[in-house]
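Quick note: the sequence shown uses my numbering, first residue 17, plus one each step.
For the record, the hints were derived by calculation from the structure and aren't laboratory data. Note that the coordinates shown come from a computational prediction; the quantities given were computed from them, not determined experimentally. Each residue gets a CB set at the ideal place from its N, CA and C atoms; glycine is no exception. Check before you lean on any hint, since a few could be wrong.
Across the chosen pairs, the derived CB separations fall in these ranges [unchecked claim]:
#, residue 1, residue 2, range
1, 107, 157, 38 to 46 Å
2, 17, 160, 56 to 64 Å
3, 95, 161, 21 to 29 Å
4, 169, 129, 18 to 26 Å
5, 137, 161, 15 to 23 Å
6, 163, 22, 31 to 39 Å
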Amino acid sequence: MALNLFNATGIAGLLRGHGLDWSEGLGRLVMIGVGLTLLYLGIRRKFEPLLLVPIGFGAVLANIPLAGLSEPGGLLYYIYEVGIVTGIFPLIIFMGVGAMTDFGPLLANPKTALLGGAAQFGIFATLLGALALNAIPGIDFSLRDAASIGIIGG
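Modelling step: build the complete structure from the supplied sequences, incorporating the hints.
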């Protein structure tokens, strides 16, 4: 009976890895360590807490063995389906970042608004550059691909 109880615990799930399969056993333990490190850096060291705390918390939760939080029917599965698949999380994140923007330096020095205009020009120029690369054989960027490149690279 005690052996059956032990086999139902997460510790047994960590110790019972399937050979070299990193998704069970040791791999989960490593990822829990990474998640705890991210939590430590976000909470104690104040390194980007708005970014590191949710990522670290999710890494720890998703790697708890035998909990099934990321399996169909689990809590993280539904969060993924509602937030990631529908695309609502990026919208919420960008609204949150926009709401936290500090306009104090811009109001104190209005000519810095030119930097914002220059950034928009860089995004547009990178978009056009990515579309121009379609002239090279073997490169085929759609407008969506070029827009993504422009936003990231501009």
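For each hint, the structure was consulted:
| no. | hint | in the structure |
| --- | --- | --- |
| 1 | 107 - 157: 38 to 46 Å | 24 Å, violated |
| 2 | 17 - 160: 56 to 64 Å | 58 Å, holds |
| 3 | 95 - 161: 21 to 29 Å | 28 Å, holds |
| 4 | 169 - 129: 18 to 26 Å | 22 Å, holds |
| 5 | 137 - 161: 15 to 23 Å | 20 Å, holds |
| 6 | 163 - 22: 31 to 39 Å | 54 Å, violated |
Against the hints set out earlier in the document, violations occur for numbers 1, 6.
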